[in-house]
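Protein chains: 2
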Amino acid sequence: MMEHTEGGNRVIIEGVSPEIDGGRFPIKRIIGDKVVVEADIFTDGHDVLSVALLYRKEGDPNWIEIPMEFLANDRWRGSFVVSELGQYQYTLTAWVDRFKTWQQNLAKKVEAKQDVSVDFLEGAQLIEEAIMQPTKRDTKTMQDWVASLHSSQVSASAKAKLVLGDRVTAVMTRYPVRRSVATYPRELTVVVDREKARFSTWYEMFPRSCASGSSRHGTFEDCEERLSYIAEMGFDVLYFPPIHPIGQTSRKGKNNDPVAKADDPGTPWAIGSEEGGHKAVHPQLGTLDDFRRFIDKAREYGLEVALDIAFQCSPDHPYVKEHPEWFRWRPDGTVQYAENPPKKYQDIYPLEFETESWQELWEELKSVILFWIEQGVRIFRVDNPHTKPFAFWEWLISEVKKDCPEVIFLAEAFTRPKIMYLLAKLGFTQSYTYFTWRNIKWELTQYFTELTQTDVREFFRPNLWPNTPDILSDYLRDGGRPAFITRLVLAATLGANYGIYGPAFELCENRRKDKESEEYLNSEKYELKQWNIKSRNSLKDFITRVNGIRRENPALQSDLSLCFHPVDNDQLICFSKRTEDLSSLILVVVNLDYRYKQSGWIELSLEEVGLDNNRPYEVSDLLTDVTYRWQGSRNYVELDPRKIPAHIFRINRGIAKSKN
Amino acid sequence: MMEHTEGGNRVIIEGVSPEIDGGRFPIKRIIGDKVVVEADIFTDGHDVLSVALLYRKEGDPNWIEIPMEFLANDRWRGSFVVSELGQYQYTLTAWVDRFKTWQQNLAKKVEAKQDVSVDFLEGAQLIEEAIMQPTKRDTKTMQDWVASLHSSQVSASAKAKLVLGDRVTAVMTRYPVRRSVATYPRELTVVVDREKARFSTWYEMFPRSCASGSSRHGTFEDCEERLSYIAEMGFDVLYFPPIHPIGQTSRKGKNNDPVAKADDPGTPWAIGSEEGGHKAVHPQLGTLDDFRRFIDKAREYGLEVALDIAFQCSPDHPYVKEHPEWFRWRPDGTVQYAENPPKKYQDIYPLEFETESWQELWEELKSVILFWIEQGVRIFRVDNPHTKPFAFWEWLISEVKKDCPEVIFLAEAFTRPKIMYLLAKLGFTQSYTYFTWRNIKWELTQYFTELTQTDVREFFRPNLWPNTPDILSDYLRDGGRPAFITRLVLAATLGANYGIYGPAFELCENRRKDKESEEYLNSEKYELKQWNIKSRNSLKDFITRVNGIRRENPALQSDLSLCFHPVDNDQLICFSKRTEDLSSLILVVVNLDYRYKQSGWIELSLEEVGLDNNRPYEVSDLLTDVTYRWQGSRNYVELDPRKIPAHIFRINRGIAKSKN
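Line by line, the protein sequences give chains A and B. Residues 168 to 827, numbered by my numbering, are exactly what the first sequence covers, in order. Residues 168 to 827, numbered by my numbering, are exactly what the second sequence covers, in order.
Rather than coming from a laboratory, the hints here were simulated on the basis of the structure. A portion of the hints provided could be inaccurate.
Same chains, same label: a pair holds when it works inside one copy or across any pair of copies.
Pairs of lysine-lysine residues, derived as DSS-like cross-links and limited to a Cα-Cα distance of at most 30 Å, are as follows [to be verified]:
id: 1; residue 1: K682; residue 2: K280
id: 2; residue 1: K707; residue 2: K421
id: 3; residue 1: K682; residue 2: K692
id: 4; residue 1: K276; residue 2: K428
id: 5; residue 1: K275; residue 2: K680
id: 6; residue 1: K328; residue 2: K303
id: 7; residue 1: K224; residue 2: K533
id: 8; residue 1: K511; residue 2: K267
Next up, chain A with everything else stripped away, as it sits in the complex (with noise of 0.2 Å):
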């Protein structure tokens, strides 16, 4: 018996996909899907190779082997099911399988007639190496084929109907000998998240401003008799702003005054005061269990707390005399406050993560984290997180996530494309995108094939935002409600994560402070605002809708699907999502153009979707309820802004077939 020699490693294991920069970084998945894996697998010569696909949950001492299909061109694929949160391994093993080689070798010789009486011994020989594993029953059975294999008294076509049977391949595929065994020597990871990770629907809101009818402070209680508006317009995540104390010293006052009056609150962002910091709540919101009593209360209506971490300090922060040395001091004895110049931010010291104490820092921020997923929170929005070192967030996500899979941290990092994507490769589950400024119709198209149709899907989830606190765009300031009905469509359909700020998202507030910055006039981040929540303009009944169609077309609940289809007019966008078996087939239509009604012929590729080129179908907008009966791949519609300027249909596979 020939054995594995360093020599005789003859198998090659290359182009594995999906594997993330050499394997550096996981793929992220949803527990219940599949992984499918692919490779190039490959010998020299001719020799017939078996590949396995070898997979576990981690932790577990064991490998699953699966075995991989061969494609074409050296390429292989096998699959296997992530059924638990955390995170799973895979790699790949292949080796020469001789008996496989010899059964085609044989059986071409059979063909053509040769002589194969050697080839039989050379069987034999095979199979009494396999017979070193079996069991007991194998064994015998094995044996018997040797002896027939050497018999005078069977013939050389029941010999060779003998080995070529099928009886005899599930054996020798049970027993193999591995010759030349190559392992991938890299071990890819998997992180598993839960079904929200990929679907969520979010909400943000300043509690403070939830005092109904009043100028005074908002309060978690007032937030509960907010719940019942939020939940019946659909959303899943609610997310506060920074809850904890805000600091007096250098505190900003209404439109970013540098100078604050009394009465000016002060912007979340400036965490900690005499009454605490990261993990204190501020006093005029509640207590730590009105809190934890809010966030009960905000499941019963289906909705999730998602709290807002910026590890940041005001000049109040108890860290600041406990820690001075979390911080960069200056040479007059000042600390060093957050500049950007000639911007200057006084009320935030920044930390100082290359501190010598930078252990204690991590161990500290990390368990504001544990503190407050304590309290019941599972879904942390990250305030940027560009500017603290990429190795925190790697180290930060895996502690917590060792303990809590189910923890989901979204990325506020509005950077540049390398970094928004290395941190979701660091971790982060969730990340904000380009899309509250990309408005023309190629520039949507190409980013959203890049993050759904590279690479990027397998480790950035995107999470759209047509506004936030900080961001009130151009188009929604120019274009006012149809534009807030456009984008709010695009990003409910382009993005299964998306979310609002409101209420003035719904309210449509869109004025801006100047021309020169993003911020709104009297922003919310300075002031409490009171909100007209009942206001007859409010687009909350069409945001019901929206979020009804995403919770009822399960095509809406992933991005991995998305097609863009061509329009011959390029103030209109057309795309597609459907799920895999083709069962919730959604295309969507939008006028990007807030003023004019725009028209124009989009052109579908009829046989991907399932449907007969030359029969009509049906086609149901489910935003007017209107169904329109359609034939061939060109069809025309007709959009205006003044009314509502986008299609959500539903393709009618089964209904159009069924008529005709």
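Using the hints, position chain B against chain A.
Just chain B, lined up with the frame of chain A:
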């Protein structure tokens, strides 16, 4: 002073290019080439980075550091020149440059007329930190700067002018205080070859058919008389099939007849007889001394002799008796001969690389290469490398090139694409390609774009062959003389490396043995041939001209600039090559239809080649010496297979401009 800490490791280096399979394989360059390296490099926050490219000749303990330049979107670029044969390493390093960061912020604050008195003290600290390193003279200077920054006698504007000035910048760049230094974890390799690896013109010939005007077995002496003929045509590599003793057992007769007649010479690839094996010369060709003399003679004609390395044995090879453990023995006591069922090659015994004595076998095969290197051979064409273990080739080539970096290995692997690419990655200097079977415009365009405009160019150097002793393509068989001209022009201009198997090629030999295979009728592999090289119909003069054009026009001596241009006729293909400085600019147009005249409009992007849309320019057909005056991007061409079915234009940029 802040110490570098693990937690302070803030710089990311990724997306390094060129880098093959995560650094597993080297890139290839020619002596004198510039290696341009790019990478994505960034840190958290807004700090300024400094980035350096590090490189060294293999064996040199010291890295040479080259500053890299910022491009855009976090991309950096640097380059170095490889001036010696052998291997180089390169990697990258980057660090947070706190002084540059400070300068940049200071400049913005000064611009905004902010108070910067504390900033000056910070700058003084940074300069003091840097003083640790410099020479005495610089120490004094820097101490003076620190004093100035502290001095109340020096005005703020004078301080700002000082620290933002070129002198301070230069000195502080010389003594950088490197914080958060990141070094790319991989050292990447460049294999540097000689010029001929990129630009070579091959002529394959059976020496035994060189006895001009006689039917006797040719000798090396006869070959000497053929040298002027080959050299005049402009070839620079003369490649011989195996020159070793040929086995008698199971020798093949004419046209691959399983039974040889007494005077049949056998195929040169059935290597080994009582007269010796891979280190011996077939006695009928001459002696080893004759061969060495022939190599010298060839060199006088500018021809380098390439040998065929076919690691396989005839049944009579001395290895079979001396090293039975290097072969696979069957249960009936015979050696397994080569087969590809149902085909049998009884005259060939493959070596058994899965032998337990694989180390001795590898060493012996290496000694074969070293033996021929000692005789003066520096180019090896390796027969069927894909049927031997990949690890063997990687080891063999790297072992040989350690002492002889000038050796060139050409891989004759006509196999599946991933295997062809892997062999190139493992070390083969040049590779056969699918060119032999690519005849249609779209497939030529697609294939050569893949070879020259993707990462493949970093490791795979195509060598284009319109014919070989094994392959008379359908196109040549059916098209005859015009097809031979077309394929010659394509090979010689698409490929800076190309070769022909002659005299079959120049004599337009196009008779097939049968319809099923690509074998020549009366193939030279099995018999002596007498070629009438003086035939009036020979393509000798045409080949001479084409090879002359290659020699005189540097654009054709590399494949990296290859670019296809649209023609509104699928039978016409048009492409260009150019030097980086555009001093050599060649445009090729070929009629792929060997039957009919074809015409069409070609479309050039004039800006790309430095031409003016509004001025006429001249294109000189180097095949016919006819010059055309063209204007604009669209120009008409017409090519007749009964005349010359190709243009090789030199575009004269200078002349056209001076005439207008």
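For K276 and K428, with the copy left unspecified, which applies at a CA distance of at most 30 Å: within, between, both, or neither? Classified as between: cross-chain Cα gap 28 Å, same-chain 96 Å, threshold 30 Å.
How would you classify K328 and K303 at a CA-CA limit of 30 Å: within, between, both, or neither? Only inside one copy: K328 and K303 sit 24 Å apart there, 90 Å across copies, limit 30 Å.
Can you tell me if K224 and K533 fall within 30 Å by alpha carbon in one copy, between copies, both or neither? within (25 Å within a copy, 46 Å between copies)
At most 30 Å between alpha carbons: which applies to K682 and K692, within, between, both or neither? Within one copy, since 18 Å is at most 30 Å while 82 Å is not.
Between the shortest in-copy and the shortest cross-copy C-alpha distance, which are at most 30 Å for K707 and K421: within, between, both, or neither? within (28 Å within a copy, 89 Å between copies)
As a check of your reading, is K275 near K680 (CA-CA no more than 30 Å) within one copy, between copies, both or neither? between (81 Å within a copy, 24 Å between copies)
Classify it for me, K682 with K280: is the Cα-Cα distance of at most 30 Å met within a copy, between copies, both or neither? For K682 and K280, the Cα distance is within 30 Å only across copies (23 Å; inside one copy 87 Å).
Taking 30 Å as the upper bound on the Cα-Cα distance, should K511 and K267 be classified as within, between, both, or neither? between (72 Å within a copy, 20 Å between copies)
Going through the hint list in order, the structure satisfies each hint without exception.
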